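> Given chain A, work out where chain B should sit, using these hints.
Chain order of the listed sequences is A and B. For the first sequence, position 342 (counting from the first letter as 1) is numbered 342 according to the working numbering, and the numbering increases by one without interruption. For the second sequence, position 60 (counting from the first letter as 1) is numbered 60 according to the working numbering, and the numbering increases by one without interruption.
Hints listed in this document are in silico derivations from the structure and should not be mistaken for laboratory results. This one's a predicted model, so the numbers in the text were calculated from it and none came from an experiment.
Below, simulated DSSO-like cross-link-like pairs (lysine-lysine); rule was C-alpha separation at most 27 Å, straight line:
| id | chain 1 | residue 1 | chain 2 | residue 2 |
| --- | --- | --- | --- | --- |
| 1 | B | Lys-57 | A | Lys-453 |
| 2 | A | Lys-172 | A | Lys-227 |
| 3 | A | Lys-311 | B | Lys-57 |
| 4 | A | Lys-137 | A | Lys-102 |
| 5 | A | Lys-435 | B | Lys-108 |
| 6 | A | Lys-424 | B | Lys-57 |
| 7 | A | Lys-273 | A | Lys-259 |
| 8 | A | Lys-479 | A | Lys-435 |
| 9 | A | Lys-172 | A | Lys-201 |
| 10 | B | Lys-4 | B | Lys-109 |
| 11 | A | Lys-165 | A | Lys-227 |
| 12 | A | Lys-173 | A | Lys-227 |
| 13 | A | Lys-435 | B | Lys-53 |
| 14 | A | Lys-225 | A | Lys-173 |
| 15 | B | Lys-57 | A | Lys-435 |
| 16 | A | Lys-251 | A | Lys-233 |
| 17 | A | Lys-479 | B | Lys-76 |
| 18 | A | Lys-435 | B | Lys-76 |
| 19 | A | Lys-173 | A | Lys-243 |
| 20 | A | Lys-137 | A | Lys-172 |
| 21 | B | Lys-76 | B | Lys-108 |
| 22 | A | Lys-3 | A | Lys-46 |
| 23 | A | Lys-165 | A | Lys-134 |
| 24 | A | Lys-173 | A | Lys-201 |
| 25 | B | Lys-57 | A | Lys-312 |
| 26 | B | Lys-76 | A | Lys-453 |
| 27 | A | Lys-13 | A | Lys-3 |
| 28 | A | Lys-173 | A | Lys-233 |
| 29 | A | Lys-424 | A | Lys-453 |
| 30 | A | Lys-249 | A | Lys-259 |
| 31 | B | Lys-113 | B | Lys-4 |
| 32 | A | Lys-424 | B | Lys-76 |
| 33 | A | Lys-424 | B | Lys-53 |
| 34 | A | Lys-172 | A | Lys-241 |
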Amino acid sequence: MAKEEAEIKELSKKLAQQPDSMVFVQLADAYRRAGDLEQSVQVCLKGLERHPTYTTARAVLGRNYLDLGKLDEAASEFRQIEVADPENIMAHRMLGQIFLEKGQYAEAIARQQRVLALDPDDTTAQELLQEALKQAKQHESSPKAAAAPAAPAPAGQSDQMQTLKVADIYIKKGAFDEAAEVLQEVLAADPSNALAQQKLKEVNQRRGSKAEPGAKASGEDEAAKRKADEEAKQKAEAEAKRKADEEAKQKADEEARQKAEAEAKRKADEEAKQKAEAAEVRQRAEAEAEAARLASEAEARQREAEELAQKKAAEEAQRAAESEAKERQANKLSSDDILSVMAGGSEELISDEPAAAPPKEAPRPAAAGLSDAVKASLADFIRAQAIEASLLLAPDGKVLDAQGSGDHAALSVSATAVFHNTEKAARAMNFGGLKQIMIVGEDTRQILFVSLKAGVLVALTGRNTNLGLLRVAVNDLVKRV
Amino acid sequence: MDFKAALQEMVSNVDGSIGAGLVGLDGLVIDQVSVRSDFDITVAGAEYATIIKNALKASQNFGLGRTSEIMISTEKATMIMMTVGQDYFATLALGLDGNLGRGRLELKKQLSKFEQGLA
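Just chain A, with the same shape it has in the complex:
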């Protein structure tokens, strides 16, 4: 009930919003289902004022009147439907029902016959027809009815024809008793009806054949029946086939529709995917291009910085070289310096030998201050050990003797520093005073530092010098000088 109430509420709202709409029929039907027939009638009447030809509304109104017992009003509504649609089965059926309730059996029978004429398979009409015939028969047999002068009015000519049609329907169905009954009613009303007589005769013959035990059905009846059965069967088969075909077609159409939809969806998905992939590739390419651009810029900046650094380093190196050259030039001992050293009084430093007399030949400047014995020992050592170059340095770094080529002054500065630093380290290690340093280069040549009384001998040996022999020679030199 709550459902109907909600429906009524909603439909009322709709009708209020759109008064000209047809929704009033649904509202009337909802009231009807809810049991409020009077309200349903009112809704229908109001709606039919706007839509007088709306037969559905009249049908609802007629049913309401019928249920309310207002048979005349109901009949009026269904007759209006009949006028608008003469083949409206519902209107004929309802009118038949109304006539039956009013005791107008001939009208009731005629209406149901009309329904069956339109739809022979209408079982409701068949039942109502039987009921009408039954009640009509009872009415005729009742004393009251018999005495009543106004027994059911004999059906008119058209009614008789329709009644005969009903008899035909019964005959077709094999209901010969009912057919005979209908025909007898017709003859009762019109004994001179030859058609009814003829049909009754046939019906009686068939009833006799059917009733007689073991009687052989006539070939004609059997054939007709078989034919009817065959036709019904064919019809049923055709109908079943038609329905099956229709269902198959609907199914095929539905499948095709679903397939088309799936295909369309797949294509749409594929297109979307392709678009997404294309967008992704484009983005990746753009990102890579951007990264490459940034890397290129960074590389260019780095190259520029390196070039700048190299330039600066070159400039600094050049400046350092110039500065060192200047320093070397400043520190370089001139021949005059050497001569002054050689001639000066550093004899006690470089030799404990007595000062030798000045040589008769043009003396070498460095050797000028050395004793002959020292000079001889040095010369022997240098010659025997295949010394390429040598320097004899005073403790203060001055060159006392120089043999071989090269920038003796520059080498003396470096050699003095090396010797002094190494000696300092050796003392720090508690190894005592430094006596010799031998440095072997990768080309197997050696630099030999030997601490002598006269100073420090720095000698550069040739390649593949025998270290053992050299060491022995050095020891011998140290003893001699």
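Chain B in isolation, oriented as in the chain A frame:
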């Protein structure tokens, strides 16, 4: 690489050894063995580094190229130093009676091991 074992082997094979060590050019000692208590390269690492650097400088100035070996003779000992790669050197210290020739030989024998261990 067990540097100490190699150093120990070297010291054991050379008569008159005082000690041996593996030192970086920065003066930091990798490992050392000592026979005498007054010999500690860990303490004298900086002095060793000074000696090596001076030697490298002298080699350059005198046109010898890269230094491969240095021998220092003092009043108390003789030290043999050989470069190991670009950044390290191995040293063997001998007393005045030490076998210098054997010392150079053993040091050379261990050089390849040190180079592999420091690579």
